[in-house]
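Chemist: Fit chain B to the given chain A structure using the hints.
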Amino acid sequence: MNSLARSRRLQPYLFLTPYLLGALLLVALPAGVSFLIAFTRYSGMGRPVFVGWQNFQWVKTDLLFWVALINSLLYILMAVPLRLLGALGLALLYSRPTRATGLYRAAVYLPTVIPDTAYALVWTWILNPFYGPLNPALRTLGLPAPSWLAESAWALPAIVLASLFQIGEGFVVLLAGLRHIPRETYDAARVDGANRWQTFTAITLPLLSPWLILLSVRDVVLSFQSTFTPAYIMTRGGPYYATYFTPLHIYETALDGMHFGEAAAVMLLVFIVTILLVVLLYNLAEGWGFDED
Amino acid sequence: MKTRTILIAIIAFASILTACQPANGGGISFMVFGDPAELAVYQTLVAAFEQAHPDLPVELIHVPGQADYRNRLAADMVAGTPADVVLINYRHYAAFAQSGALEPLGPYLAKSSLIQESDFYIEAVEPFKWLDELICIPQNISSLVVYYNKDLFDQAGLPYPADDWTWDDFLAAARSLTQDLDHDGRTDQFGVGIEASLIRLAPFVWQAGGEVVDYDANPSTLTIDSTKAIQAAEFFFSLQTVHHVAPGLDEETAEDSESRFINGRTAMFFNSRRGVPTYRESAAFDWDVAPLPRGETRAGILHADAYCLPGASKHKDAAWTFIEFANSVEGQTIVAASGRTVPSLISVANSPAFLDPSAKPANSRVFLDTIPYIHALPVHFNWIEIEDIASEELWRGFYGQTDPLDALQRAIQRTRVYFTENE
Numbered sequence: 001m002n003s004l005a006r007s008r009r010l011q012p013y014l015f016l017t018p019y020l021l022g023a024l025l026l027v028a029l030p031a032g033v034s035f036l037i038a039f040t041r042y043s044g045m046g047r048p049v050f051v052g053w054q055n056f057q058w059v060k061t062d063l064l065f066w067v068a069l070i071n072s073l074l075y076i077l078m079a080v081p082l083r084l085l086g087a088l089g090l091a092l093l094y095s096r097p098t099r100a101t102g103l104y105r106a107a108v109y110l111p112t113v114i115p116d117t118a119y120a121l122v123w124t125w126i127l128n129p130f131y132g133p134l135n136p137a138l139r140t141l142g143l144p145a146p147s148w149l150a151e152s153a154w155a156l157p158a159i160v161l162a163s164l165f166q167i168g169e170g171f172v173v174l175l176a177g178l179r180h181i182p183r184e185t186y187d188a189a190r191v192d193g194a195n196r197w198q199t200f201t202a203i204t205l206p207l208l209s210p211w212l213i214l215l216s217v218r219d220v221v222l223s224f225q226s227t228f229t230p231a232y233i234m235t236r237g238g239p240y241y242a243t244y245f246t247p248l249h250i251y252e253t254a255l256d257g258m259h260f261g262e263a264a265a266v267m268l269l270v271f272i273v274t275i276l277l278v279v280l281l282y283n284l285a286e287g288w289g290f291d292e293d
Numbered sequence: 001m002k003t004r005t006i007l008i009a010i011i012a013f014a015s016i017l018t019a020c021q022p023a024n025g026g027g028i029s030f031m032v033f034g035d036p037a038e039l040a041v042y043q044t045l046v047a048a049f050e051q052a053h054p055d056l057p058v059e060l061i062h063v064p065g066q067a068d069y070r071n072r073l074a075a076d077m078v079a080g081t082p083a084d085v086v087l088i089n090y091r092h093y094a095a096f097a098q099s100g101a102l103e104p105l106g107p108y109l110a111k112s113s114l115i116q117e118s119d120f121y122i123e124a125v126e127p128f129k130w131l132d133e134l135i136c137i138p139q140n141i142s143s144l145v146v147y148y149n150k151d152l153f154d155q156a157g158l159p160y161p162a163d164d165w166t167w168d169d170f171l172a173a174a175r176s177l178t179q180d181l182d183h184d185g186r187t188d189q190f191g192v193g194i195e196a197s198l199i200r201l202a203p204f205v206w207q208a209g210g211e212v213v214d215y216d217a218n219p220s221t222l223t224i225d226s227t228k229a230i231q232a233a234e235f236f237f238s239l240q241t242v243h244h245v246a247p248g249l250d251e252e253t254a255e256d257s258e259s260r261f262i263n264g265r266t267a268m269f270f271n272s273r274r275g276v277p278t279y280r281e282s283a284a285f286d287w288d289v290a291p292l293p294r295g296e297t298r299a300g301i302l303h304a305d306a307y308c309l310p311g312a313s314k315h316k317d318a319a320w321t322f323i324e325f326a327n328s329v330e331g332q333t334i335v336a337a338s339g340r341t342v343p344s345l346i347s348v349a350n351s352p353a354f355l356d357p358s359a360k361p362a363n364s365r366v367f368l369d370t371i372p373y374i375h376a377l378p379v380h381f382n383w384i385e386i387e388d389i390a391s392e393e394l395w396r397g398f399y400g401q402t403d404p405l406d407a408l409q410r411a412i413q414r415t416r417v418y419f420t421e422n423e
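Chain order of the listed sequences is A and B. Positions 1 to 293 (this note's numbering) are the ones given, in order, by the first sequence. Positions 1 to 423 (this note's numbering) are the ones given, in order, by the second sequence.
Chain A with its partners taken away, still in its complex shape (with noise of 0.2 Å):
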């Protein structure tokens, strides 16, 4: 082989360097110290100390725990479909271009280019219960107007609510999928007297259903983590613990009780149920009929 071949061999891994080696330092390693943290007492400063199973074992009696897991498969059961099926109707909706679909679709991306923290604050201003948009809006329709963020029952919801509106990724990936399929084959279902719903569920869901099953994967995973910003600047956790999610707990857990191997004991468990879940639906969608290819 001579030296030119094997450069360009060589030219990928060289380009993927840098990027290898941040995911190498700022999170393989990370998260590997972590893993190790979770088996010791730890606060943080001065020398870890081995424990083996003790804060598992504690996590497993803590209270905290178990509403904050709770609360986060909540909003796990509740975001992810109702995200998917948003950005799923919105894609349909603005697929085919007219003169105004690049304003539509530019209108359904922008809130996700908000950033998080100012995303929460103009968020907790719409919930308020007496000076918020929303509840006037509410009323004049004649529904109910809950007050939000101070109830128990209506913070959870409220917070899913307002992630919603965040769905850019998810819109502009179902529009690649959409064009992904192939004209003939809706011409074709078209001659053969499909009506539009038997061409959505024949043709547009199973063919879309690698990337659905994509984004669905992909939203567990990251509503996992997604909580942390609004239940830290709209709630605190509160009303009463009602939207206390596993990432609020962990950073709690580290930074206000300085209890580290606690904290990264329940990332860890936390990391297993994110695993099992993607596992399921992974399970789930090759019950549907899914495949690779």
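It is worth saying that the hints were derived from the structure and are not from the lab. Built from N, CA and C at the ideal position, the CB exists for glycine as well. Take these hints with a grain of salt, some might be off.
Part of the chain A face toward chain B, derived, beta carbon under 10 Å [to be verified]:
| # | residue |
| --- | --- |
| 1 | G44 |
| 2 | M45 |
| 3 | P239 |
| 4 | Y240 |
| 5 | G257 |
| 6 | F260 |
Modeler: Leaving out everything else, chain B in the frame of chain A:
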């Protein structure tokens, strides 16, 4: 060609790493929390220091929220890169002291020619001793007081709070000051604004003759379910649940009580001294402070922050020079004049810098009169968590989501494990 690319990549990477290093060669960094008006106070202090010590520039790091500040400080400590001088509340420094992350300042103070321990109020100094060693130098000896809107008292035809007013007097005033101004069935002006938390309930418990914990020096449990404490909690919760003189949950969520007070729609607001710079700047009405209304006995609660020197600081001597200056008569006078502190130096506290009746609040003496009755919360490794959890339960009691006894008992039961853990 390729070597050059790699070289550029290495240089770029190295420059990112070095960019993370703090870049104040001869100077020190000083981290504070507080509203913009409070930040201005520390800017003045730093400017005065830099004038006296031109060779020691100070980089001021400001984190507005107190909880955010706490978390930032913890993260910095863990990373081994804390500011050279940090402000910490006595309820929050124990975890750092236990890990040995703070340089004890007792020996520095002993050698100082500017200040000595006996210059300070002992009530402010004692809580900052960990295992009999002075860890940090307190800047203030604040306590909880009632800020009141004099204009609203005048409008209601009420006399201003007397120095010896009682819970009953306080409640009566609060009831007259709670009003539905536009008669739409919704209260627009509240008599009282008070946070539903352990640190606010505690002085009421002491005033009723109860205790917050079993042993101050080495507590093993909260004791807020004694008959006396229950009596205090029932009074405290009833402000919202029975008398509705404090905002309900919806109202408090829509606009918090401090903001309502500043906007002239809450007549009496409970806060420590730290609200003063902000109220001086933002309150468009006449206001003053009154002592806490008394129960069976008088009691106040200590609010004190101290200058601490993290052990990881690489500029300990320079940092001490700054701490010494900030807590000298000159430094404390500057901060006191801005309204931010009740000075921990006895001489400055009794000077016009603090007591000047032409600067609001006119009745600043209230803070000094309280000192003989002042109580401190215990200094404990897990106190932040204990207070957080207890406050969540008290919050439920305050907003009527459970009965007082249940709220108190759950607070005790849920916090118990945090008293013994990590010993």
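Chemist: The structure should be examined with respect to each hint, and the outcome stated for every one.
Modeler: Hints versus structure:
A distance limit of 10 Å between C-beta atoms decides the matter here; for G44(A) the minimum to chain B is near 4 Å, and the interface restraint holds. With a least beta-carbon distance of about 4 Å to chain B, the hint placing M45(A) at the interface is held under the 10 Å criterion. Annotation: interface hint on P239(A) holds; nearest CB of chain B at approximately 7 Å, less than 10 Å. The restraint placing Y240(A) at the interface with chain B holds, with a minimum CB-CB distance near 6 Å, inside the 10 Å limit.
A cut of 10 Å between beta carbons decides the hint on G257(A): the least distance to chain B is about 5 Å, and the hint holds. Nearest Cβ of chain B to the Cβ of F260(A): about 7 Å, under the 10 Å cut. The hint holds.
In summary, this structure violates none of the numbered hints.
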